[in-house]
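All chains should be built: construct the whole structure from the sequences, respecting the hints.
The primary structure of each chain is shown beneath.
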Amino acid sequence: MELLVAAAIGLLTSVGIYLTLRLRTFPVILGLTFLSYAVNLFIFIAGRLSISLPPIIAKGASYADPLPQALVLTAIVISFGMTAVMVIMSLGAFLEAGHDEVDMSDDEDRT
Amino acid sequence: MSLALIAALPFLGALLPGLLIRAGRDACAAVTGSITALALLMLGLHAPAVLRGEIVQTRIDWLPALGLNANFFLDGLGLLFAGMILGIGLLIILYARFYLAKSDPMGQFYSYLMLFQGAMVGIVLSDNILLLLVFWELTSLSSFLLIGYWKHLPEGRQGARMALAVTGGGGLAMIAGMLILGNIAGSYDLTVILSQKEAIQASEWYLPALILILLGAFTKSAQFPFHFWLPHAMAAPTPVSAYLHSATMVKAGLFLMARMWPVLAGTPEWFWIVATTGLVTMVIAAKIALFKDDLKALLAFSTVSHLGLITMLLGFGTKAAATVAVFHIINHATFKAALFMTAGIVDHEAHTRDLKRLGGLRLLMPITFTIALLAALSMAGIPPLNGFLSKEMMLEEAAHTVWITPWAMGVLATIGALFSVAYSFRFIAHGFLGPVRDDYPARPHDPGFGLWAAPALLVVLVVVIGILPMTAVSWLVNVAASAVTGTNVEKHIYHWHGLEPPALWMSLAAVGGGIMLVSLHARLQALWDAAPRPDAKGIFDGIVEPLAAAARELTNTLHNGSLTRAIAIATLAIAGAGVWAFGGGAHLPGSVALTVMEPVPVIAWAVLMIAALAAALLHRNRLLALILTGIVGLIISIGFAYFSAPDLALTQISVEVVTILLMLLALHFLPKTTPRESSAPPAAARCGHRRGRRAWHRPSRLADHDPARRIRPDFRLPPCAIEAGSGRNQCCQHHHRRFPRL
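Protein chains in written order, with this note's numbering: chain A, 1 to 111; chain B, 1001 to 1742.
One should not assume that every hint holds.
[Stated by the list, open to error] Just so you have them, the derived chain B footprint on chain A, three or more residues with Cβ under 8 Å: (1) 22-31; (2) 34-43; (3) 53-59; (4) 67-78; (5) 89-97.
[To be verified] Heads up, incomplete: computed chain B residues facing chain A, CB under 7 Å, no partners named: (6) S1562; (7) T1564; (8) F1643; (9) T1651.
If you're looking for bench data, these hints aren't it; they were derived computationally from the structure.
Idealized CB from N, CA, C, for every residue including glycine.
Here is the structure:
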């Protein structure tokens, strides 16, 4: 399974970077979403893959590592917040400038 | 705890003046002064123990893992320097209260001054070289603020930048040197390092460490060839000059050399580098000082010269010479601070410090004249003032030191002393003696008590030390010199050594020659002006400006305003760092058994991979890309559940739903597809301005903004303009202008 997860992280990262480098805002937001998937998964498997283990501490039995889970839990919520802000910013930029390009021209920068 | 408190007090005090300036200038100065006085008092409480030969220590663990501890210790050398920094600091605070004009922001001034004071006290009390480095850099930064205090003066800003560049650069070299030293000694604690002379001098890293540390000390103490920053720092208000260049900033380099003396000195490398630099600095700077017309510039070069003298003495590497160096540090601080303050008084009252426009001030400003006269005579080394005592001892040491030939050192030291006599006499002769003039920019008169109290007190010290050296300072010199040399020093300071020693004759030659030089000054000045010499500022600018231009060029290349480009460069850099780290590490086979692949998860994985790939390939159809993203997110939530993290799965899926909804809402307003655009613009636009590319994509927008259309609504942009695609392009402007006339 480790190989599959590693491959998935690699692909998600490359898709994320590819989309982040587009010139329009919407693909960039999608790219960031992909990147946060990849990073969350990466942090998560840093605590090893454990299949069918109890996620809570039980006496005597082994259990899933709670630390990466706690980290990822925070990361998911934060990345959601970031995505929401980006969406609203891109909407604002689009309504203001009349186009959704990432880079503004020099004229628009000045005004 | 209390040593750390002494170092911390000025920093705490730096907060107050800025707040208290609303309560008035007197309150502000009083509070600043009382904090300094409090620190001085606490230092005084430790003095008896230190004078008995004990070492007071305070140890606080800060980052023990890095070897960085907030350890402080107070020995004789630390006591001498801390006393000088706080004592003269107190006088400067008093002087500055009356010196600064009403329009100067005084709260800011005192805040900077206290920051600087704290950094200096930190340097001299640190028992950890990393901590010392932190304070060292802090003095560079706070002196930058102080030198550039008059922000409206371009010389002030340039001088501050130059001081920061030179001393900060030297500080960087010193960091490297200190780290090497710490590595050799196996500890970053000074007390440990100081006890390992043999190990350090035997190490093959001794020479690199020595050179790097000396670079830091020489830049700070303005030794040749780094001396040029100090005269340019004279654009600062006079209290700053008096403080930085008599007792503190420039003495930090000397302090460091004295502090490291027990481990670094005594080798031929040390002797040749330090003594030679000191000697060259002393002679060259003394010569330049004679030909400066600006009072403060004259004092600046004389400071450089005296710093060279002390450096040279430390460079001799003998116990006796180090003792003289310590003694001269005290003497120089007293007379030079007094001289700077009198120069400030002259500037304050006569509105000029140009020796060519001054003269005859002895009748107009008798008090200032008395102070200046005594301090300048001490600087010239005239008995029985304190400058005479240490200069006599210096000449004695120089005469007995073999440098290239047995007599070269003695002759050059005498020449340095000769110029020193000459510029000291010139300070008095051209500034205060001579006829009273009627063309001063302002009618000079003696200032109020507040302004001359501080220099007067220092001059009293000059006289007292000069007449009663054994009672006044020998105890301090002995304890400080013992700390420098690491052995017990009992130095007896004499006024009269008899006719036998060469120092007497060297002194006489220096005084005689100096008087001759002053009387011939007009003719020498003409020669000096005609002689070619390198312009240090020009060279410095010549080095710094191309560097700044290159930095600007690099920044513009890396970041030309395009966010996409910036992200691409950052991504490449991060990926490069990752590849480098991956290639450098060792990859051992895992110690944990791999988990088994089951068919259902493999199918889910395949779906995820296909969806992610498809999202990248089909991202132009935004709705489709969004749905594919949703699928990826869904599979990741399932994956979390599968890998025993149901809480994550739950969070992921709810966040996923809300995100997709939000993006769908946004997509309602945004364009539904992403247009194809090439990152390589067409030839016509590429050669034009960046705006040209924009115009290529949207010719209609250019036409909307076209000034000609406002005049003729039926106007259509000529095809050439669209083709060239630039509003700023010459071709287009030509058409715009011409068209209405057609």
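Results for each hint:
1. 22-31: holds (count 8)
2. 34-43: Contact hint for the segment 34-43 of chain A vs chain B: holds, 4 residues under 8 Å.
3. 53-59: holds (count 3)
4. 67-78: holds (count 5)
5. 89-97: That given contact holds, which follows from 4 residues of the segment 89-97 of chain A lying within Cβ reach (below 8 Å) of chain B.
6. S1562: holds (5 Å)
7. T1564: At about 6 Å, which falls below the 7 Å cut-off, the nearest Cβ of chain A leaves the hint on T1564(B) intact, so it holds.
8. F1643: holds (6 Å)
9. T1651: For T1651(B), the interface hint holds, since the closest Cβ of chain A sits about 5 Å away, which is under 7 Å.
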